[in-house]
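Asker: Residues per chain are reported as follows:
There are 2 protein chains.
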Amino acid sequence: MEGLRKFVFYSLVSVATVMCHFGTCEAGQGEALTKLMKAKMTGESRVEMVQKWESFGEVARALPQHGLKEKDEIVGGLHGQPEGVEFKQYAGYVTLDETAGRALFYYFAEAVDPLSKPLLLWLNGGPGCSSLGYGAMEELGPFRVQSDGKTLYKNRYAWNKAANVLFLESPAGVGFSYSNTTSDYELSGDSRTASDAYTFLINWFERFPEYKNRDFYISGESYAGHYVPQLAYQVLSHNQKAGKTIINLKGIAIGNAVINDETDGPGMYDYFWNHAFISDETIGAIHKYCDFSPNATSQNQQCHDAAREADKNVNPIDIYNIYAPLCNFSGFTHKPHKRVVLEFDPCTDYYVDNYLNLPEVQKAFHANVTRLNYPWSACSDIITHWNDSPSTILPLLKDFMANGIRVLVYSGDTDGRVPVTGTRYSLNMLNLSVKTPWYPWYTRKEVGGYSVIYNGGLTFATVRGAGHEVPSYQPARSLTLVNAFLKGKPLPRP
Amino acid sequence: MEGLRKFVFYSLVSVATVMCHFGTCEAGQGEALTKLMKAKMTGESRVEMVQKWESFGEVARALPQHGLKEKDEIVGGLHGQPEGVEFKQYAGYVTLDETAGRALFYYFAEAVDPLSKPLLLWLNGGPGCSSLGYGAMEELGPFRVQSDGKTLYKNRYAWNKAANVLFLESPAGVGFSYSNTTSDYELSGDSRTASDAYTFLINWFERFPEYKNRDFYISGESYAGHYVPQLAYQVLSHNQKAGKTIINLKGIAIGNAVINDETDGPGMYDYFWNHAFISDETIGAIHKYCDFSPNATSQNQQCHDAAREADKNVNPIDIYNIYAPLCNFSGFTHKPHKRVVLEFDPCTDYYVDNYLNLPEVQKAFHANVTRLNYPWSACSDIITHWNDSPSTILPLLKDFMANGIRVLVYSGDTDGRVPVTGTRYSLNMLNLSVKTPWYPWYTRKEVGGYSVIYNGGLTFATVRGAGHEVPSYQPARSLTLVNAFLKGKPLPRP
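Protein sequences appear in the order of chains A and B.
Under the numbering used here, the first residue of the first sequence is numbered 1, with each subsequent residue one higher.
Under the numbering used here, the first residue of the second sequence is numbered 1001, with each subsequent residue one higher.
Don't take every hint at face value.
Stated by the list, open to error - Covered, in the sense of this in silico footprint (three residues per stretch, anywhere, with C-beta under 8 angstroms from a C-beta of chain B), are these stretches of chain A:
(1) 276 to 284
(2) 318 to 326
(3) 484 to 491
Source of the hints: derived by calculation from the structure; they are not laboratory data.
Positions of the beta carbon are idealized from the N, C-alpha and C atoms, including for glycine.
Produce the entire structure from the sequences given, and follow the hints as far as they go.
Answerer: Next up, the structure:
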């Protein structure tokens, strides 16, 4: 099952883990990302580590969008969707570059009462993983795929109860998003991802003009800890340059997010130790021998050995949700299993993969109209190189706070890949002063997690018992979280 | 629900937590233990902190036991037990002191093939909590109580698959164990508990002579981290004094065990921080201001404040199993719920309390023959003072290793009360050399936890996803654990 998992760009000094269990494993994306990670930590490749935010801000051109919204509406509903769906859905392509033939795929789940709700963009990370396959189909979207791989059931805690939710597969080469000019894929990186996403938004607002002045939020998880702030920075820069509000950005939310290599790295290993997965000797060697600074161009043998030992210890568990059972995969069920949205099925990746490759599903989604010569997959095999990835996005968070943009940083506390420990270390680098001290917040009469609010408008929140994909593992808690975020309110006390 | 929980003698410098949630809470035992804890940490009371092991070793006298075994057999089975029970059960009293009228209650679940299996004693801690109510009825015993509070279902992972298991309610004043001389209760403490348990054993072996030369193991959890080693020390001392093997002790096993105040204390707070339950400021203050050394006779105000803040943050969750749901108690069900032994029902304490107070149940158990003037309860309200509790039992562990007694120390890794972090700190104090380095061990094709074996015969093992009562939360993993322990084998690799 793990082979299909989002492979977070994050195993640092060791040869990145190819997550395989008991036979079933697809190494493609894992290998591509191993290269990327190694490149980033050893300085041996072309990956740029410097921030390229200054270069953002080319004028984005909106193409004519007339009639496209109507064409994009999913009129008969998604294939296999349950009865009684009371909100509208749209899906389709937004062309970014007509010459290159570069287009990004989106899926848009409106709220039941769309006019009264803000607009929320959701981005998954990787880099190279799909917001449709993860975010929409197994996290916060309105439906989950049944164990038959063909039909859907309702997610009672979908985020379109709180907002109109837009899922974007990004950059080109991910999921159904593509370019007809394959050399485009060689330009993949943080900078291109952000500028293409911005161009997407400008065009999408043209297609859905009723959302143009709507309160707008950008959210995402994992490597989207890079995507979200960089896209938000584009939005702010363009507004500033234009001297007016082109996009009405109110806030950003990032979960289990890669944000600062220097602290995320030690944070991950410390989490491994303090959750009793690695030995005292291993954590001791990592502290002693590994160099997590962005200037590190190589790691010594002792560091490699210790990181390899750590990998050996954590590889056999689902490091994205450390106490979860593994998927004991044995095909699809004839009839769907009993579905319990509060208990995440660890085989969901397989159901989603099957579902999104059904021709009738792709037709309903208005997807794959150019007949891609490869199947839809959760993480891209097409993008083989990542050009730029700054070592930190913390300065952007400071910038947003100074500009009145709300910032929510959250951590599912049972994720070992980009864990809460690293995120706390990272936030400490900001030296913020506390406005509302650390306290437990509540959902359904239980502690949903803990939260602290800093002066300047940054909220940090944990989600108790949630893995890397927070809405998958704690749907009710995640809905409370996003509701509070969108309303600009502190997370609820009992 | 939490009011009925075993109240571990362990909240250190703060006013100990009375575990109450949403109305239902019984503070009695919590309050008694708060006094005890405070006394221990502030030196303001009569609790002796010095080890009293030297004084162990008075000659234990066995009373005649003829015919008592036969009387103790539970011939018709326990009240409400399921069909197809293929092992024998015994229960009853062993008199320790005829004059005082002091007697300890035991429940003995034989293995299906009793002759081929060793004998294992199980002790719960508190101090003052019942091995019948916890160990037997909701942890490792052959049955669990159904949600109707009246009937039983089978525990497929009961430890009597691996051994003949003897549960002892100890000391007098706990559960069904009693003294007719109430001043006896004022002598309660580690030392009395150990010497009475030894006298119990001598008499019990007289009653069950076929077990006299059997391989014998002592196990327990929580404050039994004190009971188990101290009883084992008694066994060894008497053997030595007698110059022969009176009791054939082979090993001890202690889980989430209170073993060394100086490290257990910081370990608990560090666990709170590294599981993201308390703030950076709180852990900072605890490190800075609290004195966990056994010599500490008082704590300053900053320490009290920080500990109180930590309590405030962790009290609303089940600190004995940090990700578990709380019991939303609303009486007993008419028909039992679907029973899933692998999914622990957080309301189990209530079912057990009801069950053990049914007259027909007490009759089957041959319990409460003197008509105690108070109901059975999971933790004692009768013992109000604890006289002695050494600050460490680490020297005993060294002693056992030197004498060829196998030692297993294990930690359910989602227990926050006596957590894995503290236990690792404590074991590090022993300065042992590693024989088999840290590795993941397996049950049912998944990682059951991690283990390291030290030279000298001490094994440390974690149990992944298990709370304070390991066999409750991870029954299959706990059975693998005890099987390996009893066979003297390392925990299994894949």
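Asker: Please check whether the segment 484 to 491 of chain A has three or more residues whose CB lies within less than 8 angstroms of a CB on chain B.
Answerer: violated (count 0)
Asker: Can you take a look at whether the segment 318 to 326 of chain A is actually covered by chain B? Rule is 3+ residues, C-beta closer than 8 angstroms.
Answerer: Coverage by chain B holds for the segment 318 to 326 of chain A (4 residues, Cβ < 8 angstroms).
Asker: Three or more residues of the segment 276 to 284 of chain A near chain B by CB distance under 8 angstroms?
Answerer: holds (count 7)
When each numbered hint is compared with the structure, a violation occurs for hint 3 only.
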